[in-house]
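Novice: Chain by chain, the residues run as shown.
Protein chains: 2
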Amino acid sequence: MPNSSPASFATRLNQAIADTGSVTCVGLDPRKASLPAPLRDNIQGDRPESWAAAYTQFCCEIIDVVKGIVPCVKPQAAFFEQLGPAGMVSLGEVIRYASAAGLVVITDGKRNDIGSTATAYADAYLGSPTHPGPWGSDSLTVSPYLGRDSIEPFVETCDARGGGIFVLVKTSNPGGGFLQDLKSGDQTIYQTVAGLVTELNTERLDADGYGPIGAVVGATYPAQLAELRQAMPHSILLVPGFGAQGGAADDVKPALDQNGRGAVVNSSRGIIFAHSRPEFAQKFGDANWHDAVRAATEEMNQQLRG
Amino acid sequence: MPNSSPASFATRLNQAIADTGSVTCVGLDPRKASLPAPLRDNIQGDRPESWAAAYTQFCCEIIDVVKGIVPCVKPQAAFFEQLGPAGMVSLGEVIRYASAAGLVVITDGKRNDIGSTATAYADAYLGSPTHPGPWGSDSLTVSPYLGRDSIEPFVETCDARGGGIFVLVKTSNPGGGFLQDLKSGDQTIYQTVAGLVTELNTERLDADGYGPIGAVVGATYPAQLAELRQAMPHSILLVPGFGAQGGAADDVKPALDQNGRGAVVNSSRGIIFAHSRPEFAQKFGDANWHDAVRAATEEMNQQLRG
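Residue numbers (numbering that gives the first Met the number 0), protein chains in the order written: chain G, 0 to 305; chain X, 0 to 305.
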């Protein structure tokens, strides 16, 4: 391992936001049925290895389009795992390609476990360009159900490697409140998790006041998003639910700090499958899917700057 | 996909318990530093592919020892993921080898996500011999933080494929109560999750009264284990925390039903690294690590039958 101290994850991500003038996070969620026709047509038989190669090509070509105009990408592990082991080989290739292109990589795995098993996940997915882990990923989404001592091993790895995590606080799905909105004493469960996140960031703040423990807060609950921006002033927020899930630009602006940083807003389907969106289908279609990705990314950048 | 209806996961697992006369689940948690010396000594350099090959050999040789004397194995995804993509190729090989040996496979991934992403995880890891998924796994551990609508896609795949899930209810770690023990109204969070599990099993019961939605309840909280056995009468319980984590045979017996079924008790380190246990190290040592695995498995079987 290099002797130099790793650069803080929050510093790197906020710098990437400043460099690109964008808070758009492009979600890499490949799905067989949604791939553009030119990629689907290349599939030999129905072998996982063929689909995995198509996923790699699809995601790497998206990365070529969006690098330099967005700060980060978020590969969704589930869709790669759905192909079996060959899909995980593709995930590894996509992460390394994105990182080499200068994008911050948020691996969306919603992992967690206890003790040394949590350490294994942290070792797998947290890192930085100077202190990379086995996958070459910068950061990971992490579930809090197993409690404080399941989060702490990730925090230790953030310190050692310069990686980051995004703890699930308030998720974007309609049923997310089943546990998250339950009230115990004065606090909801999501507020309890937010309090833990803020506590863990203390003493780990960079010059801008951000720590390595980010939080997932859905765009689909704008009131809670504003509340949680206040409750977690040291966390970069990862905001899913924009676009296809219903969140609008005005809904997510409360996530940003006064400098327009401190949050990234994810869109997956709306960008990567833009060739199928009614308003883009006629103009671009499957054959010009790269142009549709570029147009959708620039549109989202514009909406979030407005 | 075959036309025949898949066999219920609970039926298959309880049958495996009856066939082997054992409720022991062998946790496959390979770790570089703990592998027996003959396997560590074979590593060429420090390449992930070399370690992955060692993990495959280690786990498959354990499977050769324990098949026929335990009903199931539980590979821990985190330790395979720690090796990067090569580790996931090893995980795939280990799952298929275990399944071909007639063992029920519980993939311990503590996965979950929302909507169609949860469906992707379910598609990846749930299945049965007649209706296998991409990994060849029977079942998956699942985190409930994202709520009811994140569990339902797994239930649908259980119905279609004959697979199962184990929802995290009360975990074995010291800090597990951080959220799980919080009380909202009359119920703790873990009781709320247990209620959801029982509700989802209803209308999915096999002839013995078990459904496909199992639950993880740690051996380290014996009082809650007895309480949760009552609260989830239709769930097979997956009980971690036995042995190295402190749970004893008397602690876990309340998990079993009157026929001695309805639960499996996991041990990882205590079995797979038995060659390092003080009481076994002198008798077996690294060279005879297979014999140590066999002795530890038979010892645990005996303790749980007593």
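Careful, some of the hints might be misleading.
Since copy identity is lost for identical chains, a pair holds within one copy or between any two.
[What the hints assert, rightly or not] Distance condition first, Cα-Cα at most 25 Å in a straight line; then the derived SDA-like pairs of lysine to any residue:
id, residue 1, residue 2
1, LYS31, GLN229
2, LYS182, ASP148
3, LYS31, GLU155
4, LYS31, ASP158
5, LYS31, SER115
6, LYS31, ASP148
7, LYS182, ARG30
8, LYS31, PRO277
9, LYS282, PRO5
10, LYS182, GLY20
11, LYS66, GLY114
12, LYS252, ASP285
13, LYS31, GLY114
Keep in mind that the hints were calculated from the coordinates and are not lab data.
Novice: It remains to establish, for every hint, whether it holds in the given structure.
Specialist: Hints, verified against the model:
| no. | hint | in the structure |
| --- | --- | --- |
| 1 | LYS31 - GLN229 | neither (40 Å within a copy, 43 Å between copies) |
| 2 | LYS182 - ASP148 | both (22 Å within a copy, 20 Å between copies) |
| 3 | LYS31 - GLU155 | between (37 Å within a copy, 20 Å between copies) |
| 4 | LYS31 - ASP158 | between (38 Å within a copy, 23 Å between copies) |
| 5 | LYS31 - SER115 | between (35 Å within a copy, 13 Å between copies) |
| 6 | LYS31 - ASP148 | between (38 Å within a copy, 23 Å between copies) |
| 7 | LYS182 - ARG30 | neither (37 Å within a copy, 40 Å between copies) |
| 8 | LYS31 - PRO277 | within (20 Å within a copy, 51 Å between copies) |
| 9 | LYS282 - PRO5 | neither (45 Å within a copy, 46 Å between copies) |
| 10 | LYS182 - GLY20 | neither (39 Å within a copy, 44 Å between copies) |
| 11 | LYS66 - GLY114 | neither (36 Å within a copy, 28 Å between copies) |
| 12 | LYS252 - ASP285 | neither (32 Å within a copy, 59 Å between copies) |
| 13 | LYS31 - GLY114 | between (36 Å within a copy, 17 Å between copies) |
Hints 1, 7, 9, 10, 11 and 12 from the list above are not met by this structure, while the remaining hints are.
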